[in-house]
Amino acid sequence: MALDKPYKDVPGTIIFDAEQSRLGYWLNQFCTSLMKAENRARFLADERAYLDEWAMTEEQKQAVMARDLNRCMALGGNIYFLARIGATDGKSFQQMAGSMTGMSEEEYRNMMLAGGRSVEGNRYIGEDGDAQPHRQPQGAGSKKEGN
Amino acid sequence: MALDKPYKDVPGTIIFDAEQSRLGYWLNQFCTSLMKAENRARFLADERAYLDEWAMTEEQKQAVMARDLNRCMALGGNIYFLARIGATDGKSFQQMAGSMTGMSEEEYRNMMLAGGRSVEGNRYIGEDGDAQPHRQPQGAGSKKEGN
Amino acid sequence: MARITASVYTSHVPAIGVAMDLHKTQEDYWQPLFAGYDFSKQWMKDNKPDVIFLVYNDHATAFSLDMIPTFAIGTAAQYKPADEGWGARPVPVVKGHPQLASHIAQSVIQQDFDLTIVNKMDVDHGLTVPLSLMCGELDPVKDAWPCPVIPFAVNVVQYPVPSGQRCFALGQAIRKAVESFDEDINVHIWGTGGMSHQLQGARAGLINREWDNNWLDLMINDPVACAKVPHIDYVREAGSEGIELVMWLIARGAMADVNNGERSGPLPQVTHRFYHVPASNTAVGHAILENKE
Amino acid sequence: MARITASVYTSHVPAIGVAMDLHKTQEDYWQPLFAGYDFSKQWMKDNKPDVIFLVYNDHATAFSLDMIPTFAIGTAAQYKPADEGWGARPVPVVKGHPQLASHIAQSVIQQDFDLTIVNKMDVDHGLTVPLSLMCGELDPVKDAWPCPVIPFAVNVVQYPVPSGQRCFALGQAIRKAVESFDEDINVHIWGTGGMSHQLQGARAGLINREWDNNWLDLMINDPVACAKVPHIDYVREAGSEGIELVMWLIARGAMADVNNGERSGPLPQVTHRFYHVPASNTAVGHAILENKE
Ligand SMILES: [Fe+3]
Ligand SMILES: [Fe+3]
Chain C
1 MALDKPYKDV
11 PGTIIFDAEQ
21 SRLGYWLNQF
31 CTSLMKAENR
41 ARFLADERAY
51 LDEWAMTEEQ
61 KQAVMARDLN
71 RCMALGGNIY
81 FLARIGATDG
91 KSFQQMAGSM
101 TGMSEEEYRN
111 MMLAGGRSVE
121 GNRYIGEDGD
131 AQPHRQPQGA
141 GSKKEGN
Chain Z
1001 MALDKPYKDV
1011 PGTIIFDAEQ
1021 SRLGYWLNQF
1031 CTSLMKAENR
1041 ARFLADERAY
1051 LDEWAMTEEQ
1061 KQAVMARDLN
1071 RCMALGGNIY
1081 FLARIGATDG
1091 KSFQQMAGSM
1101 TGMSEEEYRN
1111 MMLAGGRSVE
1121 GNRYIGEDGD
1131 AQPHRQPQGA
1141 GSKKEGN
Chain R
2001 MARITASVYT
2011 SHVPAIGVAM
2021 DLHKTQEDYW
2031 QPLFAGYDFS
2041 KQWMKDNKPD
2051 VIFLVYNDHA
2061 TAFSLDMIPT
2071 FAIGTAAQYK
2081 PADEGWGARP
2091 VPVVKGHPQL
2101 ASHIAQSVIQ
2111 QDFDLTIVNK
2121 MDVDHGLTVP
2131 LSLMCGELDP
2141 VKDAWPCPVI
2151 PFAVNVVQYP
2161 VPSGQRCFAL
2171 GQAIRKAVES
2181 FDEDINVHIW
2191 GTGGMSHQLQ
2201 GARAGLINRE
2211 WDNNWLDLMI
2221 NDPVACAKVP
2231 HIDYVREAGS
2241 EGIELVMWLI
2251 ARGAMADVNN
2261 GERSGPLPQV
2271 THRFYHVPAS
2281 NTAVGHAILE
2291 NKE
Chain H
3001 MARITASVYT
3011 SHVPAIGVAM
3021 DLHKTQEDYW
3031 QPLFAGYDFS
3041 KQWMKDNKPD
3051 VIFLVYNDHA
3061 TAFSLDMIPT
3071 FAIGTAAQYK
3081 PADEGWGARP
3091 VPVVKGHPQL
3101 ASHIAQSVIQ
3111 QDFDLTIVNK
3121 MDVDHGLTVP
3131 LSLMCGELDP
3141 VKDAWPCPVI
3151 PFAVNVVQYP
3161 VPSGQRCFAL
3171 GQAIRKAVES
3181 FDEDINVHIW
3191 GTGGMSHQLQ
3201 GARAGLINRE
3211 WDNNWLDLMI
3221 NDPVACAKVP
3231 HIDYVREAGS
3241 EGIELVMWLI
3251 ARGAMADVNN
3261 GERSGPLPQV
3271 THRFYHVPAS
3281 NTAVGHAILE
3291 NKE
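Residue numbers (this note's numbering), protein chains in the order written: chain C, 1 to 147; chain Z, 1001 to 1147; chain R, 2001 to 2293; chain H, 3001 to 3293.
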């Protein structure tokens, strides 16, 4: 496609455009189904069986079961749809957003209280800010994976 | 409202605008419900009971039961929605349209075969064409009501 | 680069679909109408497009009063023929073209048209009757439509419907969008609905043969002027449902001789033109225009 | 004649609604945020409008991927607070203003904005949190919002979202529409969403205090220039969800100093302005602008 996509060079950021939307259609439809209490209960009772009712890819199903939101987004999920999974688990938006960074809940909350993540070094891929690919995961996540 | 409505001076014609749409919301929603076979059956089995499930005015319900499509339109119905009533009765669009003129099915069909209704005298209310208010109903309808 | 090579215009009267589905096309009433499409069916075979961008209106089928989009583009993989109350038409499922449709949606929204993107919808006679007229009778299971279709639904049910000028400008934006698609594919754009008809009230059955043909002349030869015809003229001269004709201006605006809102260069070739009265309540108009180098 | 007398701008962070619903507004974390709205709640009482035209975005609540309208106007009589997965917020039902809403829809479509008209929809935190912030805690049954609300939903979920310029032009069209309504009523227009926030990936939690405040200056003092800020700047500088700020330009475009796409006459009065970090993942911005003779 010849359409301009200037947003491809922002680190740690996937823009939900028509292409992502096509990729993630059934994943997001599955998420929407969780807006009904009876579906939330059915999903929690047997995640695999519930996921198998949807025309999702195996990769998408695995990402949901692992609650790997970064992976879900790469596979076409959109955060407002994925939030229905968090709601099903009783998680807040702050817990969900934090989970994508590798930081612990407390670390992420403290970062926000201190004024949030700086934009310096995080505008373009290739700079050296804390959101750049070579510096993931952050916080507690980096220690766990580092050893 | 100060918006221009230049279409108010066309004889025998109700334009389905926002105002009509507001008036006819539940009437048209009722019609949409007839797109399901089980609802058509329930409606035909007991029209009054089925209509009472909808927040329609008594006048709208009477107009539906009388199959008075002109009345239904004046009360906010739109022809594409009202067509679901015709479909429920096994009627075609030609039968429905003809029924609004007072002509018999054959008279209306013959008018169409002869090239349709002329626009002459039917552009503005106050002219003398066959669609003008003072010349209703037309065809067989005029004879019945005339005696 | 993708390109639009031709535009097709046709009425989409539901009774035509019924006549085909019940194999009545050779009856006296219907034979003269279908004869007007014999050329077109052969032309479709000889000039098979890769994708059809099909402009039509939904007739309170997919869209109730709950949600009324002015312009809706289908980006789904397929669309089922709708049950409009008489049972679904026995015609093949309509395959979409999600990639080109999404591309057009993106481009056209960035040109300031406020589209609604639709991923789930059944398509009614407004879309399937033109396909049947141009492709002939097909078995719903064994056959398939000749190519993918992108449904583009215009609100002409609840006023205000978009103006002729808005539709004409939209056609230009769609052409730009198609021409920025990287694949080398051949796209046809169809405008459907009309011609003169009125389905309501004491004026039901109105047909204005002279106005229809003058409008068709204007649409072909001076689309800039045609786009300026106000709604009220359609209603007064061509009946309340004659307003569907504004959709033809979307297809006309996408032809190669329209640039920056003006005509320039040679007119498209008029490959075919046909007019007939009646089909049920309606006058039937039809034309095929081709961009020729 | 109806008139727009003021515009209100505010973030609509869901956690703010939760804090109010759970009566946590006086906790250390929340107290500084709610303090910024004390003035606003009093101002609302002293300047009660007859109708609020509330621009917000739906967060995959009323609109799934089945249908994504770029601009949707609510013409219904009422809207229920939505269950977004945590149960519906305990706030009053939102009463609509079908007559003014339909009038605005008709006028704005005739000004070439391709709206989707919606008659049935639940409203999510995008609409109810601003109401709660400006009106305070209300009992869902015994209390009512101070006036009818016309919900106007903008797609900022799936790209492409409408440009700042399109939003700014839309605001002007809405003002024209309101001013052609015969009843002598006082309308407030609200723009909600933003300010900088990113809810996804390794960059989650991004806050750009400097950019936010510069943007706010520009939006107030030079909205024509502000409308030209491209999407990518919002994403790069204010986070992927910072794009919600384009909705503020609809409200700004409806103010009396904007005419024919240019500024003329005195700037609106800045009655109140507030900025705070954090609310959950988000920077919170808020302003009240009034047209003064
Ligand atoms: Fe039609
Ligand atoms: Fe939001």
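A portion of the hints provided could be inaccurate.
Said to hold, decoys possible - No more than 20 Å apart at the CA atoms, straight line, and that leaves these computed lysine to any residue pairs for SDA-like:
id, chain 1, residue 1, chain 2, residue 2
1, R, K2120, C, D17
2, Z, K1005, H, M3001
3, Z, K1008, R, K2080
As the list claims (entries may be wrong) - Listed next, the stretches of chain Z that the computed footprint assigns to chain R, with coverage defined by at least 3 CB atoms under 8 Å from CB atoms of chain R:
id, region
4, 1015 to 1022
5, 1076 to 1090
Worth flagging that the hints you see were computed from the coordinates, not collected in a lab. Virtual Cβ for every residue (Gly too), placed ideally from N, Cα, C.
If you look at each residue in the region 1015 to 1022 of chain Z, do at least three have a Cβ nearer than 8 Å to any Cβ of chain R? Three-residue rule met by the region 1015 to 1022 of chain Z, so holds; n is 5.
Please work out if K1005 of chain Z and M3001 of chain H have their alpha carbons no farther apart than 20 Å. Satisfied, since the Cα-Cα distance of roughly 18 Å is no more than 20 Å.
Given the hint that K1008 of chain Z pairs with K2080 of chain R, does the C-alpha gap stay at or below 20 Å? Between K1008 of chain Z and K2080 of chain R the Cα gap is close to 38 Å, so the pair fails against 20 Å, i.e. violated.
Quick one, are K2120 of chain R and D17 of chain C close enough, alpha carbons at most 20 Å? Judged against 20 Å, a Cα distance of about 18 Å means the pair holds.
Do three or more residues of the region 1076 to 1090 of chain Z come closer than 8 Å to chain R, measuring C-beta to C-beta? Answer holds; 9 residues pass the 8 Å Cβ test.
Hint violations for this structure: number 3 only, all remaining hints satisfied.
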